[in-house]
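**Q** Use the sequences and the hints to build the structure in full.
Protein chains: 2
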Amino acid sequence: MSRRRQIYEGKAKILYEGPEPGTIIQYFKDDATAFNAQKKGTISGKGVLNNRISEHLFTLLGHIGVPTHFIRRLNMREQLVRQVEIVPIEVVVRNVVAGSLAKRLGIEEGTPLPRTIIEYYLKDDALGDPMVTDEHIAAFGWASQEEMHDIADLAIRINDFLSGLFAAVGIRLVDFKLEFGRLWDGDFARIILADEISPDGCRLWDMTTNEKLDKDRFRRDLGGEVEAYQDVARRLGLLPEGNV
Amino acid sequence: MSRRRQIYEGKAKILYEGPEPGTIIQYFKDDATAFNAQKKGTISGKGVLNNRISEHLFTLLGHIGVPTHFIRRLNMREQLVRQVEIVPIEVVVRNVVAGSLAKRLGIEEGTPLPRTIIEYYLKDDALGDPMVTDEHIAAFGWASQEEMHDIADLAIRINDFLSGLFAAVGIRLVDFKLEFGRLWDGDFARIILADEISPDGCRLWDMTTNEKLDKDRFRRDLGGEVEAYQDVARRLGLLPEGNV
Ligand SMILES: Nc1ncnc2c1ncn2[C@@H]1O[C@H](COP(=O)(O)OP(=O)(O)O)[C@@H](O)[C@H]1O
Ligand SMILES: Nc1ncnc2c1ncn2[C@@H]1O[C@H](COP(=O)(O)OP(=O)(O)O)[C@@H](O)[C@H]1O
Ligand SMILES: [Mg+2]
Ligand SMILES: [Mg+2]
Numbered sequence: 203m204s205r206r207r208q209i210y211e212g213k214a215k216i217l218y219e220g221p222e223p224g225t226i227i228q229y230f231k232d233d234a235t236a237f238n239a240q241k242k243g244t245i246s247g248k249g250v251l252n253n254r255i256s257e258h259l260f261t262l263l264g265h266i267g268v269p270t271h272f273i274r275r276l277n278m279r280e281q282l283v284r285q286v287e288i289v290p291i292e293v294v295v296r297n298v299v300a301g302s303l304a305k306r307l308g309i310e311e312g313t314p315l316p317r318t319i320i321e322y323y324l325k326d327d328a329l330g331d332p333m334v335t336d337e338h339i340a341a342f343g344w345a346s347q348e349e350m351h352d353i354a355d356l357a358i359r360i361n362d363f364l365s366g367l368f369a370a371v372g373i374r375l376v377d378f379k380l381e382f383g384r385l386w387d388g389d390f391a392r393i394i395l396a397d398e399i400s401p402d403g404c405r406l407w408d409m410t411t412n413e414k415l416d417k418d419r420f421r422r423d424l425g426g427e428v429e430a431y432q433d434v435a436r437r438l439g440l441l442p443e444g445n446v
Numbered sequence: 203m204s205r206r207r208q209i210y211e212g213k214a215k216i217l218y219e220g221p222e223p224g225t226i227i228q229y230f231k232d233d234a235t236a237f238n239a240q241k242k243g244t245i246s247g248k249g250v251l252n253n254r255i256s257e258h259l260f261t262l263l264g265h266i267g268v269p270t271h272f273i274r275r276l277n278m279r280e281q282l283v284r285q286v287e288i289v290p291i292e293v294v295v296r297n298v299v300a301g302s303l304a305k306r307l308g309i310e311e312g313t314p315l316p317r318t319i320i321e322y323y324l325k326d327d328a329l330g331d332p333m334v335t336d337e338h339i340a341a342f343g344w345a346s347q348e349e350m351h352d353i354a355d356l357a358i359r360i361n362d363f364l365s366g367l368f369a370a371v372g373i374r375l376v377d378f379k380l381e382f383g384r385l386w387d388g389d390f391a392r393i394i395l396a397d398e399i400s401p402d403g404c405r406l407w408d409m410t411t412n413e414k415l416d417k418d419r420f421r422r423d424l425g426g427e428v429e430a431y432q433d434v435a436r437r438l439g440l441l442p443e444g445n446v
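Keeping their order, the protein sequence lines are chains S and X.
With my numbering applied, the first sequence corresponds to residues 203 to 446, in that order.
With my numbering applied, the second sequence corresponds to residues 203 to 446, in that order.
Simulated from the structure, these hints should not be mistaken for laboratory data.
Note that the coordinates shown come from a computational prediction; the quantities given were computed from them, not determined experimentally.
You may find that some hints are simply not true.
The list treats identical chains as interchangeable, and a pair is accepted whether it falls inside one copy or across any two copies.
Using 30 Å as the maximum straight-line C-alpha spacing, the simulated DSS-like pairs for lysine-lysine come out as follows [unchecked claim]:
#, residue 1, residue 2
1, K379, K231
2, K242, K305
3, K305, K213
4, K379, K325
5, K242, K325
**A** Below, the structure is given as structure tokens:
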């Protein structure tokens with residue numbers, strides 16, 4: 203591997219300068235954090251699985267016309283992506299009540315939502331990623347109203363597609379987090395899907411048993427994290443059948 | 203005073219059955235609470251001032267065509283209002299960063315907002331009035347999208363009017379809380395302004411000195427609560443000039 207300049211080290215990934223201008227390399231670590239990094243650990247093999255799962259989902263989303271940063275996977279832990287200016291908003295799409303929503307609104311986890319909810323959180327670890335609305339986003343200029351319109355539209359399309367994809371393999375897509383970025387083309391910026399989609403940022407429940415196949419296993423000390431991530435990859439056809 | 207049926211006792215007011223069907227009496231207490239009623243106290247004379255200030259503001263808002271529950275003041279502590287079905291959402295309008303917004307977003311209190319922000323909080327003491335968005339409100343049916351449209355429109359009009367009114371008497375309207383209700387007319391419900399508008403639910407800062415003329419004096423143990431409320435009433439022309 204040639205020597206590369208590291209751009210950023212986050213909680214789950216490292217970004218390196220890519221081979222061409224405007225590209226970067228996402229390296230997927232095994233590090234896991236929860237509760238705003240108050241809880242830290244390692245899930246051995248997670249990075250490999252997330253790299254593969256995210257590649258798969260971004261590729262399929264590209265096929266339905268969702269613009270994404272994904273270019274190609276480079277190796278077990280790395281993928282080449284288009285560098286974007288990340289919109290500092292975590293977009294959470296919810297189909298079933300779980301996690302912080304259950305707690306905040308006093309609704310039992312597992313209650314199906316009468317309709318899908320999109321939530322926005324300011325991407326700011328120091329502030330604990332506070333929930334914000336279109337109002338705050340517009341007032342502080344974190345994204346334009348046109349950009350937020352594109353983001354909401356894409357979030358809904360991604361939710362519909364992924365809900366179907368996971369349903370086909372016996373998994374309920376409870377909720378998930380997305381990040382979007384601006385791809386500049388001269389003076390014009392286009393919103394594209396960035397970051398990753400993996401069990402780190404999704405709640406995935408087995409449709410029959412309600413077993414959690416996602417990072418909640420780590421958050422809640424349930425154990426079997428890597429087996430759950432492997433199960434997701436296997437159901438998506440990303441692991442040889444023998445590999446359970 | 204005739205014997206009347208008490209309908210509800212809240213943190214700052216008591217509701218009694220009104221003389222005619224569809225009316226109720228709001229009795230303004232001197233009780234003050236803060237931080238979701240973890241802090242309790244009394245501000246002697248507050249109820250009288252809030253009754254008078256709220257009467258004044260609701261009357262003027264009525265004149266510009268904002269539909270309100272206010273019918274007439276009955277005495278020092280009571281006003282007759284139209285009974286409504288309260289929309290369980292506290293509507294907060296912000297012009298300047300203060301309070302929970304300053305804390306949540308890490309922005310210095312007193313920073314003018316680039317544009318007005320409307321926030322919604324679920325009216326649920328047990329849950330600590332969690333912030334919600336149009337998304338949650340629509341999903342759980344707490345108000346229809348048409349109702350939320352009316353509410354947002356009214357909130358903006360009320361903000362513009364009150365900002366002007368307070369500016370004229372040297373007061374900056376930093377933020378304030380509104381409650382709306384449904385007035386049923388057969389099968390049709392109209393959204394009208396309910397509850398109260400008073401220094402209990404507004405942040406009012408002297409324009410020159412930034413002195414706080416509102417419940418933050420109580421929340422932050424600054425003292426001089428009733429003098430501050432009196433100052434607001436006096437500036438609005440509601441107290442004889444001699445009464446400082
Ligand atoms: N295409 C991209 N261009 C630039 N930055 C990106 C892109 N995709 C993701 N990122 C950013 O790279 C970082 C990924 O590392 P991660 O460990 O997830 O970080 P964090 O701890 O901030 O969540 C995130 O900050 C994410 O916003
Ligand atoms: N016109 C109205 N009809 C019915 N209820 C009202 C009306 N105006 C205000 N209310 C309700 O009356 C109560 C006022 O008492 P308050 O002490 O402010 O209560 P709380 O502790 O719930 O804030 C509030 O619950 C408010 O929603
Ligand atoms: Mg991340
Ligand atoms: Mg109240």
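**Q** Each hint should be assessed against the structure and marked as holding or not.
**A** Results for each hint:
| no. | hint | verdict |
| --- | --- | --- |
| 1 | K379 x K231 | within (18 Å within a copy, 46 Å between copies) |
| 2 | K242 x K305 | both (22 Å within a copy, 26 Å between copies) |
| 3 | K305 x K213 | both (25 Å within a copy, 24 Å between copies) |
| 4 | K379 x K325 | both (11 Å within a copy, 27 Å between copies) |
| 5 | K242 x K325 | within (19 Å within a copy, 35 Å between copies) |
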